[in-house]
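Undergrad: These are the residues of each chain, in order.
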Amino acid sequence: MTSATPSISLLRQMHRTMVLIRFCEERIADLCESGEARCPCHLCIGQEGVAVGVCSALTDDDYVWGGHRSHGHYLAKGGDVKALIAEILGRATGCAGGRGGSMHLIAREVGILGTVPLVAATIPLAVGSALAAKLRRERRVSVAFFGDGATEEGHFHESLNLAAIHGLPVLFVCENNFYASHLHLNERHLLDNLDKAGELHGVPGRRVDGNDTVAIYNATVLAIERARRGEGPTLLECRTFRWRGHVGPALDIDVGIRRRDELKTWYEHDPISEVRRRLVEAGIDETELDLTTKEVQAAVDDAVAFARSSPYPAPESLADHVYFRSGGR
Amino acid sequence: MSIRTLSYAHAIREAHAQLLRSDERVFVLGQGVWSPWYAGASLQDIDKEFGRDRIIESPVAENATTGAAVGAALAGMRPIVFHPRMDFMFLAVDPIVNQAANWSYMFEGRIGVPIVIRAVINRGGEQAAQHSQAVHSWFMHVPGLKVVMPSTPHDAKGLLVAAVADGNPVIYVDDRWLYADEGPVPEDMYEVPLSIAEVRRTGRDVTVVAASFMAREAIRAANELAARGVNAEVIDLRSVKPWDRTCVLESVAKTGRLVIADSGWTTAGIAAEIAATVAEERLEMLKAPIARVCLPDIPAPMSRVLEQAYYRTSADITATVLKVMGR
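Chains as they are written, first to last, in the working numbering: chain A, 1 to 329; chain B, 1001 to 1327.
Worth double-checking, as some hints may not be accurate.
A partial selection of chain B residues facing chain A, derived with a Cβ cut-off under 8 Å [stated by the list, open to error]:
hint	residue
1	Pro-1059
2	Ala-1064
3	Thr-1065
4	Ala-1068
5	Gly-1071
6	Phe-1107
7	Arg-1110
8	His-1141
9	Val-1142
10	Pro-1143
11	Ala-1165
12	Gly-1167
13	Ala-1275
14	Ala-1279
Sample of chain A residues at the chain B side, in silico, Cβ under 10 Å [unchecked claim]:
hint	residue
15	Ala-92
16	Leu-125
17	Glu-153
18	Leu-183
19	Glu-187
20	Asn-193
21	Ala-197
22	Ala-250
23	Tyr-267
In case anyone wonders, no lab produced these hints; they're calculated from the structure. Computed from a predicted model, the values in this text were never measured in an experiment. Glycine is no exception: its CB is placed at the ideal position from the N, C-alpha and C atoms.
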């Protein structure tokens, strides 16, 4: 077993990516509020630590699958920020050419073959890309990101079993933010034990503080090493919280419920502040971190400008790509 | 190319074997792939020939199994998923319809889902409502899917090879009632192009359009009709999505009469789609109303007496054609 504590340079990189996700999401919230972004946007502000902690332990070859709330996964895996904003604004330069929007992101070059909003749907797809890797005798692993709501779908339980029986290199990452849309976990589950969901199938599970990015990174490294050794899948339950509503920019009003008290507690446990604290404790100058923040902000500004100046898809292209043509794009 | 006689089931098996031999991306995944009980001769001992790493028997989990095949296809493999009964495939509709069918469009053709989903129609024998359904028309409704339904051993092999090569999600529907039928099958690997119908019998009085088992029945009906002085043209669709509009419309322009036979239910089925298209495009050519020979909108019954009243055969096609002919 290797010790997995991230190096200072990796910690710097994590900080930068988390700040990028935060600024991106805040900017998207503004674009939603002004009406410029019209597709449903599910923001991951407050949950950046899970995406970054996990993806920091992966290579470009590893596959990552996500769902409706996947801006963070896309950016953490190395997806292009310009193509993200352009996609959300429905432009031809978007990562899916303006056919998908916020809930359909793709970045093949970094192992994202598609994120889609049907809850739990990409969990079996991750098992499938892991099966492909096993059949081809590759070392790459597959990660399925999903929320606590997805654990209620049959997809999830069938997939745990299928991955287990074939010893597939999959990491199941449950981002437990305690709400499936408007409904709290304790109104959907008798027990608070998502980390144990794999036990019946022989899939080991671990509960991790979802706002402790380093803890998530460490847990991921162990699970990935296990998967690459051919010892099969692992389930991580990362307990975190989204600061915005289920969908859209609203701060504390979430489809008919108010969560102000809960939010206060979670604001004090901000995953970005936590990584920043570690860097400062390691002797990194705060002005350097402030500079990073400014650089990232400028990159997001550039992405928005790029998206705004990009053309919309041509109406004549409406019927294109219903069927796939190899080399067609 | 040497041609010999093979059964429909053996032709399917031969296509699998040649695909597995020629392309290492191909693998087979599903319930019953190691068992002749589920697959008949269509996968007989194929696990022994190609190994159980590539012929993967799955847990009782249609959803995750089919979803995993979609994921493997997105990751560059060419899976063939086996559903020994189409009824059970309903549990896999999310990966088929939401995922596989939409993926190319959702992501602007940046990636495709080269998956073949083999759906077996396995009815009769008093199996009743949940072991008998033929729901190819459901999938025909969905943009992004292709649906093929071979009626002969030749096409059973060639359509499977073409389906794997196509690069899109293809629902390959085979019918247990055809498994023992024999016919000429070339030994080499070959493709039957998707979306091209075959005129099985030329005629001038009436066009009979059918697919799969009903195409066989249509040919039998046409032989009976010939003895009664009616010259029927039989079109075997082979692909029901996309289907060969040109072939059907040209034939109707020639004969002026149309009967459509399908092993699925009447409402919103293949026959309804073809009838609507002909009405839109060739109404002025029709000398008689279009007629359909499909299952009534009733679940499959059990008792053999009820089964006999339920399923359609060549006799129903013959009777319907005679009615359309005003005889």
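Undergrad: State for each hint whether it applies.
TA: For each hint, the structure was consulted:
Satisfaction of the interface hint for Pro-1059(B) is found here, the shortest Cβ-Cβ separation to chain A being roughly 6 Å, below the 8 Å cut-off. The beta carbon of Ala-1064(B) is positioned within 8 Å of a beta carbon in chain A (closest approach about 3 Å), and the interface hint is therefore held. Taking 8 Å as the C-beta cut-off, the interface hint given for Thr-1065(B) holds, the closest approach to chain A being about 7 Å. A hinted interface residue such as Ala-1068(B) counts as satisfied when its beta carbon comes closer than 8 Å to some beta carbon of chain A; here the least separation is about 4 Å, so the hint holds.
Checking Gly-1071(B) against chain A: minimum C-beta separation of about 2 Å stays under 8 Å; hint holds. Look at Phe-1107(B): its Cβ gets to within about 5 Å of chain A, closer than 8 Å, so that hint holds up. About 6 Å separates the beta-carbon of Arg-1110(B) from the nearest beta-carbon of chain A, less than 8 Å, and the hint is met. Interface restraint check: His-1141(B) against chain A, minimum CB-CB distance 13 Å, threshold 8 Å, status violated.
Interface restraint check: Val-1142(B) against chain A, minimum CB-CB distance 10 Å, threshold 8 Å, status violated. Annotation: Pro-1143(B) was flagged as interfacial toward chain A, and the flag holds, the nearest CB pair being 5 Å apart, inside 8 Å. At its closest, the beta carbon of Ala-1165(B) sits 10 Å from a beta carbon of chain A; the interface hint therefore is violated under the 8 Å criterion. This hint holds: Gly-1167(B) has a C-beta 5 Å from the nearest C-beta of chain A, less than the 8 Å allowed.
Residue-level restraint check for Ala-1275(B) is violated (minimum Cβ-Cβ distance to chain A is 24 Å; threshold 8 Å). With 8 Å as the threshold, the beta carbon of Ala-1279(B) stays out of range of chain A, its nearest partner Cβ sitting at about 24 Å, so the hint is violated. Hint on Ala-92(A) holds. Least Cβ distance to chain B is approximately 9 Å, under the 10 Å limit. Taken as an interface hint, Leu-125(A) checks out: its beta carbon lies about 3 Å from the nearest beta carbon of chain B, inside 10 Å.
Here the hint on Glu-153(A) is kept, as its CB sits about 9 Å from the closest CB of chain B, short of 10 Å. Hint on Leu-183(A) is violated. Least Cβ distance to chain B is approximately 21 Å, over the 10 Å limit. Interface restraint check for Glu-187(A): the shortest CB-CB distance to chain B comes to about 24 Å, outside 10 Å, so the restraint is violated. The criterion of a C-beta within 10 Å of any C-beta in chain B is not met by Asn-193(A), whose closest approach is roughly 22 Å, and the hint is violated.
This hint is violated: Ala-197(A) has a C-beta 14 Å from the nearest C-beta of chain B, more than the 10 Å allowed. Taken as an interface hint, Ala-250(A) does not check out: its beta carbon lies about 27 Å from the nearest beta carbon of chain B, beyond 10 Å. Of the supplied interface hints, the one on Tyr-267(A) is violated, with its beta-carbon coming no nearer than about 35 Å to a beta-carbon of chain B, more than 10 Å.
This entry does not satisfy hints 8, 9, 11, 13, 14, 18, 19, 20, 21, 22 and 23, going by the numbered hints stated previously.
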